Structure formats: structure tokens, C-alpha cells
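*Asks:* One letter stands for each residue in the lines below.
2 protein chains.
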Amino acid sequence: MAIRPQMVLFGDSITEQSFRPGGWGAALADSYSRKADIVVRGYGGYNTRWALFLLHQIFPLSGPTPPVAVTIFFGANDAVLLGRQSEKQHVPLNEYKDNLRKMISHLKEMSPNMVVVLIAPPPVDEDGREQYAKSLYGEKARKLPERTNEVTGTYARQCVELAEEMQIPCIDTWSVMQQTEGWQKSFLRDGLHLTEEGNGVVHSEVVRALNGAGLAAEEMQLDFPHHSAIDGAHPEIAFQSQGCSSSGDIDAFCPENASDHI
Amino acid sequence: MAIRPQMVLFGDSITEQSFRPGGWGAALADSYSRKADIVVRGYGGYNTRWALFLLHQIFPLSGPTPPVAVTIFFGANDAVLLGRQSEKQHVPLNEYKDNLRKMISHLKEMSPNMVVVLIAPPPVDEDGREQYAKSLYGEKARKLPERTNEVTGTYARQCVELAEEMQIPCIDTWSVMQQTEGWQKSFLRDGLHLTEEGNGVVHSEVVRALNGAGLAAEEMQLDFPHHSAIDGAHPEIAFQSQGCSSSGDIDAFCPENASDHI
Numbered sequence: 000m001a002i003r004p005q006m007v008l009f010g011d012s013i014t015e016q017s018f019r020p021g022g023w024g025a026a027l028a029d030s031y032s033r034k035a036d037i038v039v040r041g042y043g044g045y046n047t048r049w050a051l052f053l054l055h056q057i058f059p060l061s062g063p064t065p066p067v068a069v070t071i072f073f074g075a076n077d078a079v080l081l082g083r084q085s086e087k088q089h090v091p092l093n094e095y096k097d098n099l100r101k102m103i104s105h106l107k108e109m110s111p112n113m114v115v116v117l118i119a120p121p122p123v124d125e126d127g128r129e130q131y132a133k134s135l136y137g138e139k140a141r142k143l144p145e146r147t148n149e150v151t152g153t154y155a156r157q158c159v160e161l162a163e164e165m166q167i168p169c170i171d172t173w174s175v176m177q178q179t180e181g182w183q184k185s186f187l188r189d190g191l192h193l194t195e196e197g198n199g200v201v202h203s204e205v206v207r208a209l210n211g212a213g214l215a216a217e218e219m220q221l222d223f224p225h226h227s228a229i230d231g232a233h234p235e236i237a238f239q240s241q242g243c244s245s246s247g248d249i250d251a252f253c254p255e256n257a258s259d260h261i
Numbered sequence: 000m001a002i003r004p005q006m007v008l009f010g011d012s013i014t015e016q017s018f019r020p021g022g023w024g025a026a027l028a029d030s031y032s033r034k035a036d037i038v039v040r041g042y043g044g045y046n047t048r049w050a051l052f053l054l055h056q057i058f059p060l061s062g063p064t065p066p067v068a069v070t071i072f073f074g075a076n077d078a079v080l081l082g083r084q085s086e087k088q089h090v091p092l093n094e095y096k097d098n099l100r101k102m103i104s105h106l107k108e109m110s111p112n113m114v115v116v117l118i119a120p121p122p123v124d125e126d127g128r129e130q131y132a133k134s135l136y137g138e139k140a141r142k143l144p145e146r147t148n149e150v151t152g153t154y155a156r157q158c159v160e161l162a163e164e165m166q167i168p169c170i171d172t173w174s175v176m177q178q179t180e181g182w183q184k185s186f187l188r189d190g191l192h193l194t195e196e197g198n199g200v201v202h203s204e205v206v207r208a209l210n211g212a213g214l215a216a217e218e219m220q221l222d223f224p225h226h227s228a229i230d231g232a233h234p235e236i237a238f239q240s241q242g243c244s245s246s247g248d249i250d251a252f253c254p255e256n257a258s259d260h261i
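Chain order of the listed sequences is A and B. For the first sequence, the residue numbers in numbering that gives the first Met the number 0 are 0 to 261. For the second sequence, the residue numbers in numbering that gives the first Met the number 0 are 0 to 261.
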């Protein structure tokens, strides 16, 4: 299955849920159809501290072909406030930045040419969070927000700074989304997770970042011939021209041999 | 990246497009979130004859861990009529069945325990095809349909028969869809390709087939601990219990070592 380059989406629930209807991960898989495999490694509720436990498992240094690109999308949980409902997810600002640096360094050690795209957390709609808590717990819902937009913004800034420092592409989701009036409800469905429109923003930004890093889908090779290039009477020609005679894998690829095998 | 089992979707455009909004492939990726990777190998316009050229490339006998499941979803192009616009895609009925048999045999040779799900082509809405052709070519559009529902039905029956013969699960999309009144427009967007509702039907049927074959997502292991199982003060405990001490891969997994490495 090692035919196509892989792009891995590493992150928290906003990555884990990216294959839900309208999700940015599924859209990316469609954008890179027959060009690259999009592999989702999203872990709902995780912060960067917990994600470090997975790093070597998901990205082993001695593994097979490393991915051509990885998105790192954490921060929404690191930015949870101390003393509030979800405080166990909190990671101090400096440690957050250090953890991200460790991830990037590890990935660059795995493959110096890997395109690593850092994605800052989206803004927080505190009213949306409150409504969501009430819809779940009614009047028992927590009175104090577990996240504020302002604090999440400080985490987003660390992302942006780190990306500049390490000279890698960065998507400042927190800032980009707030440029659109009504971002609170149009981009966030519960004050934190993305609506289809919000997913669209992330998808566009990721495509733009990958394009800028030399991984534009249009310039990547299609795996196997387009059907219009196949001659109905002599289909073998199109497949031979894909490297049958030179690949050394003649048994699998040449029609005259393939017919013996399949 | 070999942490999760893989499920491969092998087919024509109806598989290639399965990560578009509302697509059955993306929905499957979401259904198996953190349980299995859904790998799409769809090739628009391909029939089973052309697909055989790819078989050993996509599914090498000597490759790494084989997929746990593969869906084979061809027939919509094999069933194109001779003497019509797209006749180069036509594959005779008997050859179609033989080609599918070769695919299934190859996959079972690759891994006898692999769950192979055969998917019959969807029905054809001839009126929908004609409208679509007119929308593209106006009055120059072909007058005769390149596919008929009746002929596609004969291909679907070959699928069903072959699956019984080889004792593998089969989804008779052609019959299932026609049980719903108004299937022509509700399940097919151009008389051939799936609407979101049509994608929903395929998704449900694939999930049902996988459940029936012992691959229910609910019974598969989550990769890495759920966040609710992580102790904020001692996160290492949750990760150790995932096999740190027994995996032999201590460097990567144990926090005390991990901190040296990441």
C-alpha cells in the first residue's frame, strides 16, 4: 500500500472529527484524490503533553517511508484554564511551546524534507460554550468558562512565533477566523468545534499552506493512468508506459504476465 | 504508521469520489475513527479489466501487513453498452465475473482471513443520464443511452452469484436502492453517481457487512487511551497500561524514557 505519499493529520478532537460530514480532513482527502493518502491521527481531548506519549509510536524514526507532510493542530485543550471544570487538560504556555518544538524537531529528524504545518487553535466563542454546557447539563452547567478566547489567543501566538522561529508554515486559525464577522456561530458549532463552514476555512488554509510548500495537488502525479489515456483495444500500453518495463516489477504490471497471476 | 488495521476501498469513480461531501468513504473513516484507517483506491472510469493491471501493485503479496478488509466495487463501467459513446469501457458479462473472481482469489491469497466485501453497481437512471448529457453537450448529446438499468442489473446479479459461490459478503446496491420509491433522483445525482443520500445507503450497507463479518467498530480497540482514562497528575499510567512494559518498545512509550527522546 506504499504507492502514494502520505500526509498525516496529528491533533486533538478538531482533527479526530475532521472526517465528519463537511470535515476538513475528508475535504483534504478529496483535494489530493489519487495523489496522496490523508491519514488521520486525531485524539479528542488530548493536549500536547499527552500527545508526546504517542509521537514515537505514530512517527517511528526507523519506520518505512515517512509522510511527506504532517499537520500539527493542538492548543484548544492546552489552553483550558486552571481551576475550572476541565483543568486536567491544562498545559502551561511555555510547556505548550516546548512540546510543539519537540514534535517538529522529531518530525524533521524523521525526514528533513517533511513539510510540517503548524495549526494554531481556533478562537473560542464563550457564549457558544455556555449554551452548549447548558444543553448538556441544564442549570447544573458550570458557571465559569473552561476556556476564554483571550487565553487561547496567547497559545495561538506561541504557535505563530514558534513557526517563525523554526521556519515552517503556520496557520493562525485563531486570527484568520476572527477576521470574519459572525465567526462565533458561523465557524464554531459549540463555541469550540468547527461547523462545516469552519471546516472549510481550515481546509482552504491547509491547501494553501501545502501549495506554498511545494505540495500542490495539481503538480503531483496521478497514481496510474487517467481513464481517458487508456486505449480500449490495447489497455496494456497505458500501463506499460507507467513503468512496466523499467520497474523490475514486471510480473505485477505487464499484462502478458499479469494474466498468469491474477 | 502501521498502528491501525487498514480497510481498502477498491473501485471506480463511485469509490474515488467517496470522500466528497457526504461521501460513503469519508463516513466510513468516521465510523472507524481511531479503530481503522480507510484507504481509498478508486479509479474513475475503470472497469474490472483495467483494474486487474493495478491489483498486484495495490495489493502486493509480499507487502507489509495486509488490510483487514477490502471492498470491491466495480461494474458501472463494465456494463457500458457496445456501440455507444463509451464503449471502450465495456467488459463482457462473463469476463466481468472472472475478473472479480481473480481479484477475490488474489486478496484471499494475500490473507485468508481478509474480509472481502463485493459491492454490485448501483442502478442506472436513464433519464438522469440523458439530462446530464444534455447539460454538458446540449442538443449534440448522444441520443442513445450508454448504459441501461436492465443491463447493469445483469452485472449486479453476477456479483451476487459470485459472492455466494465464494462465500463472501455482498452488497446488492442495484436491488437495494430500487426498493426505495424515487431512487432515481434521491440516490443518483446524474443517473449514475451517488447523491449524499445514495452515499448514505452504501455507507450503511458497508457498515452492516463489516459488522456481520466480525469487524464492528464498537468491538475494535481504540488506539491509545481515551482522554477520560488519563490522570492529569500522572498521565504516564494510562500510557504504560497500553503495553509500555511489555511491548519491548520502551524507548518510545515509557514517559521516563520518552522525555529523553522527544
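It should be emphasised that the hints constitute simulated quantities derived from the structure, not laboratory data. In this text the structure is predicted, and so the values were computed from the model without any measurement. Wrong hints could be hidden among the right ones.
What the hints assert, rightly or not - Label-pair distances were calculated between CB atoms; the ranges are:
hint : chain 1 : residue 1 : chain 2 : residue 2 : range
1    : B       : S104      : A       : S203      : 39 to 49 Å
2    : B       : S174      : A       : G213      : 30 to 40 Å
3    : A       : Q220      : B       : L135      : 43 to 53 Å
4    : B       : Y136      : A       : D126      : 28 to 38 Å
5    : B       : M165      : A       : G137      : 36 to 46 Å
6    : B       : L135      : A       : S203      : 23 to 33 Å
Unchecked claim - Residues on chain B that point at chain A, a partial pick, calculated with CB under 10 Å:
hint : residue
7    : F18
8    : G22
9    : A28
10   : D29
11   : Y45
12   : V67
13   : P91
14   : N93
15   : P168
Beta carbons: idealized from backbone N, C-alpha and C, even for Gly.
*Asks:* If a hint holds in the structure, say so; if it doesn't, say that too.
*Replies:* Hints, one by one, checked against the model:
no.: 1; hint: S104(B) <-> S203(A): 39 to 49 Å; in the structure: holds (44 Å)
no.: 2; hint: S174(B) <-> G213(A): 30 to 40 Å; in the structure: violated (48 Å)
no.: 3; hint: Q220(A) <-> L135(B): 43 to 53 Å; in the structure: violated (28 Å)
no.: 4; hint: Y136(B) <-> D126(A): 28 to 38 Å; in the structure: violated (52 Å)
no.: 5; hint: M165(B) <-> G137(A): 36 to 46 Å; in the structure: violated (55 Å)
no.: 6; hint: L135(B) <-> S203(A): 23 to 33 Å; in the structure: holds (28 Å)
no.: 7; hint: F18; in the structure: holds (4 Å)
no.: 8; hint: G22; in the structure: holds (7 Å)
no.: 9; hint: A28; in the structure: holds (4 Å)
no.: 10; hint: D29; in the structure: holds (4 Å)
no.: 11; hint: Y45; in the structure: holds (6 Å)
no.: 12; hint: V67; in the structure: violated (12 Å)
no.: 13; hint: P91; in the structure: violated (13 Å)
no.: 14; hint: N93; in the structure: violated (15 Å)
no.: 15; hint: P168; in the structure: violated (22 Å)
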